[in-house]
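Chains as they are written, first to last, in the numbering used here: chain E, 3 to 386; chain B, 16 to 303.
By construction, these hints were calculated from the structure, which means they are not laboratory data.
Honestly, I wouldn't trust all of these hints.
Claimed, not checked - Cross-link-like lysine-lysine pairs, in silico, DSBU-like; alpha carbons within 35 Å at most:
hint: 1; chain 1: E; residue 1: LYS215; chain 2: E; residue 2: LYS192
hint: 2; chain 1: B; residue 1: LYS108; chain 2: B; residue 2: LYS296
hint: 3; chain 1: B; residue 1: LYS108; chain 2: E; residue 2: LYS215
hint: 4; chain 1: E; residue 1: LYS192; chain 2: E; residue 2: LYS374
hint: 5; chain 1: E; residue 1: LYS374; chain 2: E; residue 2: LYS215
hint: 6; chain 1: E; residue 1: LYS374; chain 2: B; residue 2: LYS137
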Amino acid sequence: MRRPAALVAAAAVAATALAGCDSGGGDTIKIGSIAGLTGNFVTTDVVETAKQVFEDVNEAGGINGRQVEYIVKDDAGNPQRTAQVARELLDDGVVAMAGSASFTDCDVNGGFYQQAQISSVMAIGASPKCFQSPNIAPVNVGPFTLMTAVLQYASEQLGAQRVCNFTVVLPGSEDAVNQALGRWSELTGKELALSDLSVQQSGDMTPYLLRAKQARCDAVLFNPTEQLVIPWLQAASTQGMTDVDFLLLAPSYTDSVAEAASGLGLNVYAGSEFEPYTAESEANQAWRETVQRADSPATAFSQGGYLSATFMVEVLKTIEGEVTRESVNQALREMEPIEHPMLGTPWVFGDGESHAPNQASKIVQLEDGQWKVVTPEFITLPRG
Amino acid sequence: MLELSAAIAGLVTGGAYALMGLSILLTYRLVAVVNFAQAAVGAFGAFAMVLLVEQGWPLWLAVLAGLGVGALVHALVGLVMVRWFSGAGEGIKTAVTVAMYTSFIALGLRLFGAQHPHRFPKPFDTPAFTLGNVVVTWMAVITLALAGLFAIVPVLLLRHTRIGVLLRALAERPQTAELIGIPVPRLAMAVWAITGAASALAIMIIAGQFASDFGSQALLITPALAAALVGAFRSFPLTLVGGMALGILQSVASTWSEIQEYRGVLPFVAILVVLVWSRRKERWDELA
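If we strip away everything but chain B, and leave its shape as in the complex, we get (with noise of 0.2 Å):
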């Protein structure tokens, strides 16, 4: 039953995805732009925690720091879209944002050494249950509960209070928005901040599990985006169920000898699929 403890085993992967996915969904849905240097983003707020627990800080005050940096430096891009491309289309956000995402990486590896590696502190690391063969940490467990937190909050958020309201108008019509009195730039950049911590803190959770140098972590980008894309950009619920597909796919397909050489194409695949079904009902020959 190799191919069951594989899943039990890839839910912390799909977890990860999910809660990388989540972040990302949550900037395009308040804000309107395809984040590709989120994951970076997160990744200077972990390594910023890093560096500091290993001056000697609590951990309570690094995580503390390591989201302040995530929600600045995720602010300092938000000023840059807010200021100069508040007008711009989607397409020219998202551009953007991958010339950000290049020069974070080169930034973070400049920073944060690509040297040796870093140990993230684990302090949820203890096994949780034996689970077909395959010990659960705690870790596991607090990545689940948190990724389902991802994708529950900000439904009730948008749907049953006035901030949310707010700013649903904010990324659905931003100018209309501004002439009805809100003030649009202000909760722009509190949107862009606090969905910076939440990607610090996805990035911290996952990190350890993942090679710990600044580079591998901000390439989740990459499964993230397909987490979100299963969740056609709009679903958080969808969003989740994404991330933890793709990882418990990615974990399976390594035990299938046949396959196992292709595991890293498979997430695509999986998109396609999901593409082709939910267009199926698109008429296919109309000009765009």
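Only chain E is shown next, with the shape it has when bound in the complex (with noise of 0.2 Å):
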């Protein structure tokens, strides 16, 4: 019984794959996205911030006369609603995708993406999947490079001789973690000082950080979601550690983490992922100004989305012709690098097997409740 229900499936990957060629050329451009409008990841922030761009660009005529409809998809961060849309955006003949901030989205769908030959400009990449895709070009630094440039900041500029490292390992991510923590290896030649990769999600903080005080760490990296970093601070702070540098992932770099953390009496350092979302930097402008006609909060999510949203239109502008996924892909592939001041690398897509353009981080430091920017240059990491 089980090869009439293969066929079927072949047969609807086959239609789905016709539908979206047919519908390629009518009169509007349509592009996708996958983010969580409910559920554990909430990303509305980055999808309105990119349907702002495409608004901006439809009212001042759109693409070559073209209209831009975005379609957003809410998964809920379940990883069968991420296959589920992604699928219906397909049978909705969209061209492409851009502005996607679901965290399931590269692990479920990149091979999908790859089958069903549609390319994606991600806002948020987050698994190690969004970096290792031919399909996938995510704007953002992402975890793991951002991990060694927090390292590398702490031990080159801040001086901390007894680095530490202590992570959440989430499903499919510790050979990208481990190849992160060895990158920073080879840039400076150090070892960590300890390096715990079983941090849980869940419980009290307070073990971790008294192995961290025994270990006299002087940085300790800790790469938590939004909700496990107020706890580890607080619980560092219960334990007098005023004299350790704490370095935080993008995540945490956020106006409620500043708020809850201050009063603290720690030294928290962030990574940003952009030209860091709090600085009032001519840089930031057009984002600010873009955030805003959204009425959107401003945070760094919604800078993956603005950009990924102006280079796909960059893109979609080069486009001579019809606009199809293939002429999309096409563009993509032959495109000439974007430089733009919210990002320290020149962005591009390019005809890699992965891509990874971003490389460079500014580093943010708490104070007073407010993340203010210690690195005005970009640390930019040479490429792997």
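Using the hints, put the two standalone chains together into the complex.
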């Protein structure tokens, strides 16, 4: 009884592919996106900002006279939904994906995108698969490159002697974490004083901090979700770890963490994915105006939404003739790198088997409940 | 002496597990339902409290309101149980609470926002004393004291008061109790409301130490059920010991590099050992 089911599935895939080819030549350019509008990982700010970019373009006359139709699907952080909505988008006839910010998208749909030959300019890539696919190129640095950059800042610029790492390893990302740590060792010639990849997402954080204390760590990297970072810092404060530099990644670089962690008396640093969103810099101006028009909160994630939509528009503009999945793929693969002041390295899709174009980050420090930029220049890692 | 430090640190987690485990045991002993949704109910109360504090309410008033929310939500669960499932077996009742648990998580994430953390007020977060290189806060001391209270008060209540006798009758023979004139539905609803408030109090106290999102708080149900299982769903003191032991075990395990990756599994290993030990005199070849 298995075989007919497989045939039906294959036929459905074929029909999906055909439907997609047909609708590419309509009046509008359909761009798809998968994000968490409900559930555990809510990324509405990303898609609201991306949507505003496309609306602005449409108001200004569209792309070579054609309007963009931006279709956002909510996957609620649920892998089954992630798979389902990707197929719905392809059925709808989208020619490419932009501004996606789902934490399961790359793992669940990476193979499907390859099979359906569609490209995704992702706003926020968080899993290793986002940086290992020929069809996906995130605009953000991503947690792994960011780990290396933040460690490098601690050892080279803060002068930390005993750098320690505590990581909550998400399924499938252990190799990428080890590579990121190894890359720091290669770049600096230093070894971690302590590395613990067994941190759990639940429970009291004090035992880990006691280990760090015993190992006399003077800089401690931790990669928690936003919800776990406050208990982590509070426990560190309770244990009196005021002379340690706490290094965090982009998910912790938010206003609510700044507010909640203020007054704890700790040295807290975080890596930003882009030009720090809290900086009132010229680089951020166009993005900030877009976020305001979108009536969405200004966050690091929304910068990803803005950049991925902006880059997609730039690439679509270069297409002469019909905008189809094939022509978008070709344009992305042959595009010239785009320099943008919010990024430290030019962004390019290109024809590689994997894509991690963004290799630069700035560092922000928590001061009086506010994030302050402490590295005026981007820390750019040499390409691996 | 990292192990000793970790063990001391683990007392806090253990106290938290025990507190929640005792709330679950209380519900089970009084209305005979193993309630998988109980930590989620407590989280409703705790998050209501946090939201009100963020609105500028005084802490004591917000805490009272949070306890009220916990009581109300649990009373609703109780209403469903009393109305439609009073004649059903334990298995069915438990299955219903599992369904409620998943609904509550979805609802809680929607209501209390999954995106940004809330900072739970920790009024007693000042160091009480330092023991074995670990700074122990007043919060930890209060958690432990409260866990002790949760373990002793129900025992005294059930054994030595008239209401305790009525409650035992209600849990063990609800229909007989009704026939002899005990107002069963009203009493049961009161029990549901009180255990709901107790869970809310437990979560309010321990929330600040754990990941501060609704889902993580509701997940405390797992170690809490494990603690209740150590107490064989009967004994309050053993549940207290079970919760404390699990917390300490998990904490100490994080210091041993050989097993730290498996520390999440340790509570279940501990439960297996307890179960095998407690059933050691039973005959294993008997038909069920």
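_For a quick check of understanding: which of the numbered hints are violated here, in increasing order?_
Checked against the structure, the only hint that fails is number 3, while the rest are satisfied.
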